[in-house]
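Protein chains in written order, with the working numbering: chain E, 1 to 307; chain H, 1 to 536; chain W, 1 to 355.
Incorrect hints may appear among the rest.
What the hints assert, rightly or not - Computed Cβ-Cβ distance ranges for the label pairs, DEER-style:
#1 R25(W) x A207(E): 46 to 54 Å
#2 W34(E) x A368(H): 55 to 63 Å
#3 E138(E) x I94(W): 53 to 61 Å
#4 D195(H) x T201(W): 31 to 39 Å
#5 G27(W) x T138(H): 57 to 65 Å
#6 T209(E) x I94(W): 38 to 46 Å
#7 I206(W) x K117(H): 31 to 39 Å
No lab work stands behind these hints, which were simulated from the structure alone.
Idealized CB from N, CA, C, for every residue including glycine.
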Amino acid sequence: MSEQTELSGLKAWLSTDVPASRFQAKSIQFYLGWLKLVSNPLAFLGFLILLVLVFCAMFAPFLAPVDPLTQDLAKRLSPPGVNGYLLGSDELGRDILSRIIYGSRITLFIVTLVAVTAPVFGLLVGTFAGYLGGWIDEVLMRVTDIFLAFPKLVLALAFVAALGAGIENAILAISITAWPAYARIARAETLTIRNSDFISAVRLQGAGTLHIIVRHIWPLCLSSIIVRMTLDMAGIILTAAGLGFLGLGAQPPMPEWGAMISAGRKFILDQWWVATMPGLAIFIVSLGFNLLGDGLRDILDPKKSKS
Amino acid sequence: MLFGKTIAALSLTTALVMPMIGAIPAAYAETPPNMLVVAHRIDDLISLDPQEMFEFSGTDYANSVYQTLVDYDDLDFSKGFGPSIASSWEISEDGKTYTFKIAEGLKFASGNPVTAKDVEFSLRRAILLKKTPSFILTQFGFTEENLDETLVAKDDSTFVLVSDKKYAPSFVLNCMTSAIASIVDSKLVMENEVDGDLGNAWLKTNSAGSGAFKLTSWKPNESLTIEANPNFSEGVPAMKRVIIRHIPESASQRLLLEKGDVDIARNLTPEDVAGLSGNEDVKIATDMRGRIMYISMNQSDEILSNPKVVEAVKYLIDYEGMANSFLKGQYVVHQAFLPLSYLGELKDKPFKLDIEKAKALLAEAGYADGFDVEFIVRTEQDRLDIAQALQNNFAQVGINASIVQGTGKETLGKYRARDFQIYVGAWGPDYPDPQTNADTFTHNPDNSIEAKLTGKLAWRNAWAAEGFTERTEAAVQESDTAKRAEMYVQLQEDFQKEAPFAIMFQKTEQNGLGASVEGFSMGAAITGSYYGKVTK
Amino acid sequence: MTSVDITPEARRRKAASPFVRRIKRLGVVLFSILATLFGLLFVTFLIARVMPIDPVLAVVGERASNEIYEAAYKQLGLDKPLVVQFFYYVWDVITGDFGMSTLTARPVLQDIARVFPATLELATLATIIGVVLGIPAGVIAAVNEGRWQDQILRFIGLFGYSMPIFWIGLIGLLIFYGKLGWVGGPGRLDIYYVDIVPSVTGMILIDSLIVRDWTIFWNAVSHIILPASILGYYSLAYISRMTRSFMLEQLGQEYITTARVKGLSETKVIWRHALGNVMIPLITVIVLSYATLLEGSVLTEVIFAWPGLGNYITNALLSADMNAVLGGTVIVGLVFVGLNLLSDILYKFVDPRAR
Chain E
1 MSEQTELSGL
11 KAWLSTDVPA
21 SRFQAKSIQF
31 YLGWLKLVSN
41 PLAFLGFLIL
51 LVLVFCAMFA
61 PFLAPVDPLT
71 QDLAKRLSPP
81 GVNGYLLGSD
91 ELGRDILSRI
101 IYGSRITLFI
111 VTLVAVTAPV
121 FGLLVGTFAG
131 YLGGWIDEVL
141 MRVTDIFLAF
151 PKLVLALAFV
161 AALGAGIENA
171 ILAISITAWP
181 AYARIARAET
191 LTIRNSDFIS
201 AVRLQGAGTL
211 HIIVRHIWPL
221 CLSSIIVRMT
231 LDMAGIILTA
241 AGLGFLGLGA
251 QPPMPEWGAM
261 ISAGRKFILD
271 QWWVATMPGL
281 AIFIVSLGFN
291 LLGDGLRDIL
301 DPKKSKS
Chain H
1 MLFGKTIAAL
11 SLTTALVMPM
21 IGAIPAAYAE
31 TPPNMLVVAH
41 RIDDLISLDP
51 QEMFEFSGTD
61 YANSVYQTLV
71 DYDDLDFSKG
81 FGPSIASSWE
91 ISEDGKTYTF
101 KIAEGLKFAS
111 GNPVTAKDVE
121 FSLRRAILLK
131 KTPSFILTQF
141 GFTEENLDET
151 LVAKDDSTFV
161 LVSDKKYAPS
171 FVLNCMTSAI
181 ASIVDSKLVM
191 ENEVDGDLGN
201 AWLKTNSAGS
211 GAFKLTSWKP
221 NESLTIEANP
231 NFSEGVPAMK
241 RVIIRHIPES
251 ASQRLLLEKG
261 DVDIARNLTP
271 EDVAGLSGNE
281 DVKIATDMRG
291 RIMYISMNQS
301 DEILSNPKVV
311 EAVKYLIDYE
321 GMANSFLKGQ
331 YVVHQAFLPL
341 SYLGELKDKP
351 FKLDIEKAKA
361 LLAEAGYADG
371 FDVEFIVRTE
381 QDRLDIAQAL
391 QNNFAQVGIN
401 ASIVQGTGKE
411 TLGKYRARDF
421 QIYVGAWGPD
431 YPDPQTNADT
441 FTHNPDNSIE
451 AKLTGKLAWR
461 NAWAAEGFTE
471 RTEAAVQESD
481 TAKRAEMYVQ
491 LQEDFQKEAP
501 FAIMFQKTEQ
511 NGLGASVEGF
521 SMGAAITGSY
531 YGKVTK
Chain W
1 MTSVDITPEA
11 RRRKAASPFV
21 RRIKRLGVVL
31 FSILATLFGL
41 LFVTFLIARV
51 MPIDPVLAVV
61 GERASNEIYE
71 AAYKQLGLDK
81 PLVVQFFYYV
91 WDVITGDFGM
101 STLTARPVLQ
111 DIARVFPATL
121 ELATLATIIG
131 VVLGIPAGVI
141 AAVNEGRWQD
151 QILRFIGLFG
161 YSMPIFWIGL
171 IGLLIFYGKL
181 GWVGGPGRLD
191 IYYVDIVPSV
201 TGMILIDSLI
211 VRDWTIFWNA
221 VSHIILPASI
231 LGYYSLAYIS
241 RMTRSFMLEQ
251 LGQEYITTAR
261 VKGLSETKVI
271 WRHALGNVMI
281 PLITVIVLSY
291 ATLLEGSVLT
301 EVIFAWPGLG
311 NYITNALLSA
321 DMNAVLGGTV
331 IVGLVFVGLN
341 LLSDILYKFV
351 DPRAR
């Protein structure tokens with residue numbers, strides 16, 4: 001019984017109209033966001049998918065039926081369910097299910113690292129350029145343009161080539177190709193915001209440039225950036241696979257999903273499962289990101305806090 | 001705001017157009033009867049100049065567009081070389097002077113007659129241009145300085161070739177069948193010369209031959225189109241036009257073949273071949289090719305230069321397992337450096353996967369617990385699969401192998417710089433004579449790093465080839481064919497025991513053909529493919 | 001900062017006459033284009049040099065002896081210092097010479113004139129599909145936020161967007177070409193139609209219309225429709241989502257409420273006022289997505305055997321075909337700069353405030 005009272009006490013604490021502390025206020029905001037997330041079935045589905053991804057990555061050794069690297073040439077290309085391979089076996093007779101489960105680690109690693117680098121940097125460049133204007137804008141945007149104008153693969157390849165092949169460097173290279181798009185979006189948003197009344201009001205109150213950008217402009221840019229970011233995630237996973245395809249990403253026998261597809265695509269007409277299973281994995285995870293991002297957009301948007 | 005309306009209008013248009021697209025008659029009948037359409041990967045083609053090109057697609061092209069002094073019968077290679085531009089030839093007593101009689105009445109596609117002057121021009125051109133395949137001719141001692149004595153047209157119908165030493169005649173004549181010995185139309189080429197380049201720039205994208213076809217157009221990475229040469233001496237081909245389309249994906253090639261949009265699909269996987277087996281409109285042609293797959297160990301590496309380690313590695317390869325699984329239909333187990341069907345071929349396969357034996361050998365070498373090693377592999381699915389299978393077997397004796405993949409040029413660069421430990425490689429012969437492979441696998445006159453004999457595999461692996469080098473030189477001068485063959489057999493037997501190369505496989509090629517296609521030659525292990533006798 | 005309304009920049013602008021201002025502006029624009037292109041070239045040049053791929057090996061191949069290698073090395077001008085190479089190159093480019101490609105044995109400009117129209121055709125059609133279907137979908141989703149229309153449209157968009165392109169491409173070919181025979185196979189035309197219509201723009205759809213050859217036009221359509229739809233699906237997903245996001249912002253604004261209160265019809269409120277106001281960020285989005293497509297989608301081009309720019313640049317890069325890489329980069333760069341300029345001009349056209 002005491003547990004339940006505690007729970008309802010927490011609920012009350014989280015739904016009060018007069019928060020007592022900054023922490024409580026933040027918690028309430030978070031809780032309200034959570035409620036909205038739960039009430040949006042698509043977004044919640046996305047959230048669940050990503051939860052499963054994280055779970056798989058964390059407990060891969062316990063979840064995978066066998067070692068992802070064990071080969072058995074005699075049982076290669078077994079269809080799903082045959083020879084004890086739940087999702088079939090690949091061209092070297094490795095268990096596809098185990099490889100996908102272990103591969104979730106790599107995918108999570110790629111996605112996290114790109115997500116904490118490229119959008120942040122892009123936001124920084126874009127908002128400063130947009131808000132400050134003048135020659136700073138001119139210079140920052142020229143640099144952005146140079147990077148944007150590069151064929152992405154050329155840029156990524158060159159950076160990996162210079163830094164050495166491997167998954168970390170591939171991620172870095174992807175971030176380098178990804179940030180300019182965020183910068184431009186952030187700038188476009190900033191341009192529409194910077195002359196608005198409330199920014200003028202804040203400025204009149206004597207707020208410094210840095211303060212305005214960080215506290216007032218960034219939150220407003222965030223929704224577009226997040227929408228863009230979640231939409232990019234699928235592409236990022238595939239770009240990592242593309243680099244792997246050129247021998248610059250994950251090195252074999254690492255069970256990277258994209259590399260698994262490209263190894264399996266020559267069997268696609270008859271042994272469809274070899275490419276399709278990792279393809280489905282990528283598809284589901286991308287869908288998860290996209291669904292969640294789409295929902296987050298509504299939740300994070302400060303401009304329309306109706307409730 | 002016009003925007004909303006524009007969008008609405010566009011939406012409407014799309015809505016109207018979409019169903020119409022669905023309604024177009026799906027009139028994809030077969031390809032026209034006198035046109036041959038081939039799906040092939042031709043991105044290795046970077047020049048059409050026969051005195052310059054060296055890649056696989058290049059050899060195919062040279063076969064179709066150019067003729068050589070002597071040539072093979074493309075439908076029966078066992079006959080050996082026979083007359084082509086040369087109607088007959090004589091070899092002098094000392095075995096150095098070859099006198100060729102040029103066949104009468106031959107014409108180039110341009111209408112110009114084929115004369116001994118053209119032969120002289122073409123062979124000299126190969127020496128003067130100094131392109132990659134020129135070694136095939138320079139190994140007979142031809143140099144820029146002695147051309148006036150060594151490669152000479154005595155008159156319009158007599159051509160004389162003088163080599164520096166006495167060589168096996170079969171060796172000399174075999175080399176004369178290779179792409180670099182193609183005879184070009186000297187008049188036409190020289191009309192297009194720029195800055196003394198002997199027409200190199202022009203011939204890279206044009207043709208000037210007397211073969212079955214002439215070039216219509218070459219769009220790199222897109223298509224290569226050739227059309228029948230009306231002046232061809234052996235009869236104008238039935239196919240008036242041959243279009244080779246660059247289709248990189250094997251699955252796409254197969255779809256095109258099944259739909260009848262191409263007549264020949266040249267890069268099918270074993271799984272595609274199996275998938276096509278029930279299809280009555282399609283047949284599969286299989287041919288042995290000359291390409292050899294091997295792994296090699298850098299002898300400047302401390303561990304890998306231990307002979308026991310080298311031997312152990314040869315027992316750590318699951319030859320049969322690979323050939324019967326992911327390489328099925330594409331490679332057969334073969335453990336000697338000369339391809340089957342070559343003079344001196346060796347069929348022995350002394351090695352098989354034997355983990356216990358390998359363990360024992362490693363223990364003898366002092367590496368009972370294994371060691372760390374790195375493979376460099378070019379990014380190509382077959383080779384990556386081989387490398388991963390090897391990695392798996394190596395792990396069973398404690399050898400921890402990592403794979404570093406790279407593009408073809410990247411790994412090749414490392415290989416040529418001796419900057420690697422184990423290389424997963426392939427080698428295709430340049431001309432149909434045992435010397436082509438012996439020269440690279442077993443000939444290394446100077447193993448020092450300064451010598452930079454980067455064209456030779458023995459040098460790249462820092463293998464001094466002691467004893468082998470001299471025997472290779474002796475074999476190429478032996479004019480008794482049976483004796484010569486025996487020399488190569490022994491050379492290969494010793495090579496299997498000692499050399500830091502583990503030869504694993506020889507290529508077989510499986511092509512999908514439309515049911516009515518006849519007369520197509522893939523070229524066996526000897527040469528490139530030939531479309532001149534195709535009918536359908 | 002004493003005055004908020006008049007920034008120093010604005011004051012300066014007021015002082016100058018409109019004509020001088022315009023000239024100055026043009027100068028700035030031209031300068032920034034040149035600066036971007038120069039920066040682009042310089043970075044590409046450096047990149048091509050740090051790559052571990054040997055350009056000489058691409059030319060001479062596996063068998064080359066050291067002498068032949070050295071000769072080719074010299075012939076490519078690689079023995080000269082980097083700075084000298086760069087300035088030689090820039091000088092040639094200024095005089096209109098982009099050099100020869102080592103892979104195709106012909107001038108880079110000629111190559112690009114061949115491959116770029118193929119990409120342009122595909123990207124344009126894909127973008128049209130994306131815009132025509134994406135914007136209305138986004139608007140409808142925003143207007144019906146949270147309702148079934150919204151959920152369905154969003155799911156459709158996200159569904160396509162989450163699929164790996166080479167997988168969906170091959171499956172699409174298998175079904176629509178292999179099994180149903182509704183569309184043409186890989187390549188731009190059935191082989192016996194190739195090289196029949198004279199190449200004017202290099203885009204077969206347009207070239208065939210010029211000479212009114214309907215057979216070839218429809219054949220080209222049947223080949224392009226599948227890759228264009230797949231690429232279009234991607235840009236549709238992106239455009240519709242961004243449209244929805246921007247629209248939601250606008251629909252929450254006061255002027256919309258005002259307009260509704262004033263009794264304007266809902267159609268007018270949504271399609272004219274709200275949509276009109278999201279055009280600025282939307283144009284950026286469309287331009288970015290178009291520009292990305294123009295770069296060439298390598299995987300799509302490989303699967304559909306589409307001889308486009310993406311494939312060309314990638315092949316060139318992997319063989320360190322310097323001139324081709326640089327030429328391709330310049331083209332992609334020009335396209336970006338050009339499209340950005342266009343989007344700037346469109347801004348001004350669409351949004352009076354930005355003038």
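Right, here's what the structure says about each hint:
1. One distance hint, 46 to 54 Å for the beta-carbon pair R25(W) and A207(E), is violated here, with the actual separation near 32 Å.
2. Remark: the range hint 55 to 63 Å for W34(E) to A368(H) is upheld by a beta-carbon distance near 59 Å.
3. At roughly 24 Å, the beta-carbon separation of E138(E) and I94(W) lies outside the given 53 to 61 Å, and the hint is violated.
4. Remark: the range hint 31 to 39 Å for D195(H) to T201(W) is upheld by a beta-carbon distance near 34 Å.
5. Between G27(W) and T138(H) the Cβ separation comes to about 60 Å, which falls inside the hinted range of 57 to 65 Å.
6. In this structure the hint that T209(E) and I94(W) lie 38 to 46 Å apart at CB holds, the actual value being about 41 Å.
7. At about 49 Å, the beta-carbon gap between I206(W) and K117(H) misses the expected band of 31 to 39 Å.
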